[in-house]
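Here the protein sequences come in this chain order: A and B. Position 30 of the first sequence, counting from 1, maps to 30 under my numbering, and the rest follow consecutively. Position 34 of the second sequence, counting from 1, maps to 34 under my numbering, and the rest follow consecutively.
Source of the hints: derived by calculation from the structure; they are not laboratory data. All C-beta atoms in this analysis are idealised placements derived from N, C-alpha and C, irrespective of residue type, glycine included. Be aware that one or more of the hints could be misleading.
[Unchecked claim] Here are the in silico distance ranges between beta carbons for each label pair:
#, chain 1, residue 1, chain 2, residue 2, range
1, A, Ser27, B, Glu76, 41 to 47 Å
2, B, Glu16, A, Pro70, 50 to 56 Å
3, A, Asn79, B, Pro40, 28 to 34 Å
4, A, Asp84, B, Pro10, 20 to 26 Å
5, A, Leu39, B, Gly61, 44 to 50 Å
6, B, Gly1, A, Thr104, 41 to 47 Å
7, B, Lys56, A, Leu11, 39 to 45 Å
[As the list claims (entries may be wrong)] Which bits of chain B does chain A cover? Going by a derived footprint, with three or more residues having C-beta under 8 Å, they are:
#, region
8, 9-20
9, 97-106
[Claimed, not checked] Among chain A residues calculated to face chain B with C-beta under 8 Å, some are:
#, residue
10, Ala38
11, Phe60
12, Pro62
13, Leu83
14, Ser86
15, Ala87
16, Leu90
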Amino acid sequence: ETGVTQSPTHLIKTRGQQVTLRCSSQSGHNTVSWYQQALGQGPQFIFQYYREEENGRGNFPPRFSGLQFPNYSSELNVNALELDDSALYLCASSLLGDYNSGNTIYFGEGSWLTVV
Amino acid sequence: GDSVTQMEGPVTLSEEAFLTINCTYTATGYPSLFWYVQYPGEGLQLLLKATKADDKGSNKGFEATYRKETTSFHLEKGSVQVSDSAVYFCALATGFQKLVFGTGTRLLVSP
């Protein structure tokens, strides 16, 4: 049990639609990162939010966007869904310095998105 | 850029066999190294980690040693169990505040 919760756990969307995924970070953590894990692949970094500001972005187009709220929870929004967006979306909760210090970065169980 | 290379799977073993999953990395600076495990239908769980050269991470019988000279972080376990069947991901973290993962290695352990 990591204390990181994601919703919904599974959803199916049609190509061209928009989706919002949600993440509640572990208590005391101020940094949320989102990763996309396609079937049979390792997770790929989408972006990170620290104190409500984007703090780094991976190689994903602008139709992937996010928000972080004052309570450090976060949303991932994907517009104009494509079939290749079908994946497991993982949220990771941490303190900003944890990536350098090697402290544990906690993952939620993910949201499975299927685009048809 | 930073990258992680893992041996391809699946790795198929009998219970009580010795396990090695190879992992090598390329990184600027001095990354922290991790092994994560993913059980079917679940998210990622941290298995072990090492933050500097020659550190050994260990947990639940699994071990990995941070080898700077060979840029490696191989995962080992002396005697695997059926319950160890999962996908194992090697990852690194750098000053860019993100994790870079390998493609994962599926382990299948039969009784």
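Verification of the hints:
no.	hint	verdict
1	Ser27(A) <-> Glu76(B): 41 to 47 Å	violated (35 Å)
2	Glu16(B) <-> Pro70(A): 50 to 56 Å	holds (52 Å)
3	Asn79(A) <-> Pro40(B): 28 to 34 Å	holds (31 Å)
4	Asp84(A) <-> Pro10(B): 20 to 26 Å	holds (25 Å)
5	Leu39(A) <-> Gly61(B): 44 to 50 Å	violated (29 Å)
6	Gly1(B) <-> Thr104(A): 41 to 47 Å	violated (24 Å)
7	Lys56(B) <-> Leu11(A): 39 to 45 Å	holds (41 Å)
8	9-20	violated (count 0)
9	97-106	holds (count 8)
10	Ala38	violated (10 Å)
11	Phe60	violated (12 Å)
12	Pro62	violated (18 Å)
13	Leu83	violated (21 Å)
14	Ser86	violated (16 Å)
15	Ala87	violated (13 Å)
16	Leu90	holds (6 Å)
Of the numbered hints stated above, those contradicted by the structure are hints 1, 5, 6, 8, 10, 11, 12, 13, 14 and 15, listed in ascending order.
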